[in-house]
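*Asks:* Once you have looked at the hints, place chain C on chain G.
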Amino acid sequence: MLDIKNLCFFRGMQRILRNISFTLNKGEALLIKGANGSGKTTLLKLIAGLLEHEDGTIHWQGHRVKEHNVHYFGHSLPVDIELTGYEMLHFWLKISNHRFKKKQIEEHLSAFKINANDFIRTYSQGQKKRLFLAYYLNSSHRPIWIMDEIFTNLDQEASDILKNAIMKHLEAGGVALLSTHEMIGLEGCRELVL
Amino acid sequence: MHIFSALLKHEFLLLTRNKEIFFTLLLFFGLSLFLFPFALSSDATLLKSFGPGLLWVITIFTILSSVESFYKKDNDNSLLSFYYIQKTPFILVFFTKIIAHFCLMISILMIILPLFGLFFGLELKSIVILSASLLLGTPPLITLIHFAIALTLSTQKTGMLVLVIVLPFIIPILIFGVGTVTFYETGQTLKQPFMFMAAIFLFVFAFVPWIAAYALKESARQ
Chain G
1 MLDIKNLCFF RGMQRILRNI SFTLNKGEAL LIKGANGSGK TTLLKLIAGL
51 LEHEDGTIHW QGHRVKEHNV HYFGHSLPVD IELTGYEMLH FWLKISNHRF
101 KKKQIEEHLS AFKINANDFI RTYSQGQKKR LFLAYYLNSS HRPIWIMDEI
151 FTNLDQEASD ILKNAIMKHL EAGGVALLST HEMIGLEGCR ELVL
Chain C
195 MHIFSALLKH EFLLLTRNKE IFFTLLLFFG LSLFLFPFAL SSDATLLKSF
245 GPGLLWVITI FTILSSVESF YKKDNDNSLL SFYYIQKTPF ILVFFTKIIA
295 HFCLMISILM IILPLFGLFF GLELKSIVIL SASLLLGTPP LITLIHFAIA
345 LTLSTQKTGM LVLVIVLPFI IPILIFGVGT VTFYETGQTL KQPFMFMAAI
395 FLFVFAFVPW IAAYALKESA RQ
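Residue numbers (the working numbering), protein chains in the order written: chain G, 1 to 194; chain C, 195 to 416.
Watch out, some of these pointers could steer you wrong.
Result set (DSSO-like, lysine-lysine): computed pairs, CA atoms no more than 30 Å apart in a straight line [unchecked claim]:
no., chain 1, residue 1, chain 2, residue 2
1, C, Lys-411, G, Lys-94
2, C, Lys-242, G, Lys-94
3, C, Lys-213, G, Lys-66
4, C, Lys-242, G, Lys-128
5, G, Lys-5, C, Lys-203
6, G, Lys-66, C, Lys-411
7, G, Lys-168, G, Lys-102
8, C, Lys-281, G, Lys-163
9, C, Lys-319, G, Lys-101
10, G, Lys-66, C, Lys-281
11, C, Lys-385, G, Lys-128
12, C, Lys-267, G, Lys-101
13, G, Lys-113, C, Lys-203
14, C, Lys-281, G, Lys-5
15, C, Lys-267, G, Lys-26
16, C, Lys-267, G, Lys-113
17, C, Lys-203, G, Lys-101
18, C, Lys-281, G, Lys-128
19, C, Lys-213, G, Lys-102
20, G, Lys-66, C, Lys-267
If the Cβ cut is set under 7 Å, some of the chain C residues that face chain G in the computed set are [unchecked claim]:
no., residue
21, Arg-211
22, Lys-213
23, Leu-273
24, Ser-275
Calculated Cβ distances over 12 Å to all of chain G for the following chain C residues [claimed, not checked]:
no., residue
25, Ile-197
26, Leu-221
27, Phe-289
28, Ile-302
29, Thr-383
30, Ala-407
31, Glu-412
No lab work stands behind these hints: they were computed from the structure.
If you're wondering where the values come from, they're calculated on a predicted model, not measured in any experiment.
All residues carry an ideal CB built from backbone N, CA and C; glycine is no exception.
Isolated chain G (complex conformation) (with noise of 0.2 Å):
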């Protein structure tokens, strides 16, 4: 169980975020909505412990969210357009110790329609989202799933891919926090207005 309460953040003399509670349990997922700067990706920075909270509690099965609960999926992508996307693919793996076989990773690639030998600096906004999730879904094995804006840009392709395999994740007894501006169409999910 997924469990925020309180949860305050200032930048500045600001206030981003005032008193934020609410539960989650196993294979249930939140919906953050939100007008620009209603603190969407602070609060889910937060619980990925991207941020520091002044306030309040985050705690996964009683415990404090670490690093290796999360699953992150974050508003910018951390890709070098200087590689291709098979290179890129490959060290994120590698970094998240996962071990895949050059033809896997290929398949990972292909799944998503990614062309493995292409330079990152000719993909799309949509290709490099597509990039990104061809590595998310093949490392999920961490129970809290925190997407950002993670629809923006997906065609509808991806997006079926994307949502089968959340309501896999949630079926499997994980979680998932998912901001957006747009309908995304997942059933069973709570929303959260900020």
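*Replies:* Chain C alone, transformed into the frame defined by chain G:
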């Protein structure tokens, strides 16, 4: 170990893809050394005595001007945050960047040193001693400059701050680095400057990378 090799491979891959950095630094180095003899004097003795100091100062400027390229992109594209989430040891991230930068500098110096000897009229043994001092002096120099960048990464403007932080630490390296050639040419033993440089090397590597790694980790959480 495989994370270290992945990080190292990644840094070298980026260096080989981004050849612009190499050629810009080489051009800066080459032009500086080519122009200084015209600006200073045609007196061979004067050039010979100024030469090593000049090479060291240009080396420092070259390292300073290229260091940001090793971090800016990682910070902008949130690769540091990715490392944080993946629990990648930031000490390894820091060391791989130092190794890559050192190799970049050494490859430039290998091209520049013969030309430098020619322009400034240094004999072969002086160049060998200067090379040895650069080999011993550039790793702590690069480490200190990377350390300063790591400390200031979360601030918007790093340039002046980096200079202020590293300047007091750079000066001893510069003095003893240049001193090796002066000691040789005045017939003194080389043991003293090289021992001092080795001491600086050990001191820097004993403490600085750990603090820098902590600073990088904190930058990932901005």
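*Asks:* Now look at each hint and say whether the structure bears it out.
*Replies:* Structure-based check of all given hints:
Taking the CA atoms of Lys-411 (chain C) and Lys-94 (chain G), the gap is near 19 Å; set against the 30 Å cutoff, the hint holds. In summary, the hint linking Lys-242 (chain C) to Lys-94 (chain G) is not supported, as the alpha carbons are separated by about 50 Å, beyond the 30 Å threshold. Between the alpha carbons of Lys-213 (chain C) and Lys-66 (chain G) the distance comes to roughly 39 Å, so the proposed pair goes past 30 Å and is violated. With a C-alpha separation of about 54 Å, the suggested pair Lys-242 (chain C) and Lys-128 (chain G) falls outside the 30 Å cut-off, and the hint is violated.
Of the pairs offered as hints, the one joining Lys-5 (chain G) and Lys-203 (chain C) is violated, with about 43 Å between alpha carbons and a cut-off of 30 Å exceeded. Only pairs whose Cα atoms come within 30 Å are accepted, and Lys-66 (chain G) paired with Lys-411 (chain C) is accepted, the gap being roughly 15 Å. Among the hinted pairs, Lys-168 (chain G) with Lys-102 (chain G) is consistent with the structure: their alpha-carbon atoms are about 26 Å apart, no more than 30 Å. For the suggested pair Lys-281 (chain C) and Lys-163 (chain G), the alpha carbons sit about 27 Å apart, so the restraint of at most 30 Å is met.
A C-alpha spacing of about 51 Å is found between Lys-319 (chain C) and Lys-101 (chain G), which places the hinted pair above 30 Å, so the restraint is violated. Proximity of Lys-66 (chain G) to Lys-281 (chain C) is assessed by CA-CA distance (about 10 Å); at most 30 Å being required, the pair is judged to hold. At roughly 55 Å between alpha-carbon atoms, Lys-385 (chain C) and Lys-128 (chain G) are farther apart than 30 Å, so this suggested pair is violated. Note on Lys-267 (chain C) and Lys-101 (chain G): the hinted pairing holds, with a Cα-Cα distance of about 28 Å set against a maximum of 30 Å.
For the suggested pair Lys-113 (chain G) and Lys-203 (chain C), the alpha carbons sit about 26 Å apart, so the restraint of at most 30 Å is met. Of the pairs offered as hints, the one joining Lys-281 (chain C) and Lys-5 (chain G) holds, with about 25 Å between alpha carbons and a cut-off of 30 Å not exceeded. For a cut-off of 30 Å, the pair hint linking Lys-267 (chain C) to Lys-26 (chain G) is broken: about 37 Å separates their Cα positions. For the hint pairing Lys-267 (chain C) with Lys-113 (chain G), the CA-to-CA distance comes to about 26 Å; that is within 30 Å, so the pair holds.
Proposed proximity of Lys-203 (chain C) and Lys-101 (chain G) is supported: the alpha carbons are some 17 Å apart, at most 30 Å. For the proposed pair Lys-281 (chain C) and Lys-128 (chain G), the alpha carbon gap of about 23 Å is at most 30 Å, so the pair holds. The suggested pairing of Lys-213 (chain C) with Lys-102 (chain G) holds, with an alpha-carbon distance near 27 Å, which does not exceed 30 Å. For a cut-off of 30 Å, the pair hint linking Lys-66 (chain G) to Lys-267 (chain C) stands: about 26 Å separates their Cα positions.
Hint on Arg-211 (chain C) holds. Least Cβ distance to chain G is approximately 4 Å, under the 7 Å limit. The beta carbon of Lys-213 (chain C) is not positioned within 7 Å of any beta carbon in chain G (closest approach about 10 Å), and the interface hint is therefore violated. Of the supplied interface hints, the one on Leu-273 (chain C) holds, with its beta-carbon coming within about 4 Å of a beta-carbon of chain G, less than 7 Å. At about 6 Å, the closest approach between the beta carbon of Ser-275 (chain C) and any beta carbon in chain G falls short of 7 Å, and the interface hint on this residue holds.
With a least CB separation of 6 Å from chain G, Ile-197 (chain C) falls inside the 12 Å interface cut-off, contrary to its annotation. Here Leu-221 (chain C) stays apart from chain G, with its beta-carbon at least about 20 Å from theirs, past the 12 Å limit. Here Phe-289 (chain C) stays apart from chain G, with its beta-carbon at least about 15 Å from theirs, past the 12 Å limit. Residue placement check: Ile-302 (chain C) keeps its beta carbon more than 12 Å from all beta carbons of chain G (closest about 20 Å).
Listed as a non-interface residue, Thr-383 (chain C) keeps its Cβ farther than 12 Å from every Cβ of chain G; the least gap is roughly 48 Å. The claim that Ala-407 (chain C) is not at the interface with chain G holds, since no C-beta of that chain comes within 12 Å of its own (minimum 16 Å). With a closest Cβ-Cβ approach of about 10 Å to chain G, Glu-412 (chain C) is found to fall inside the 12 Å limit, against its non-interface label.
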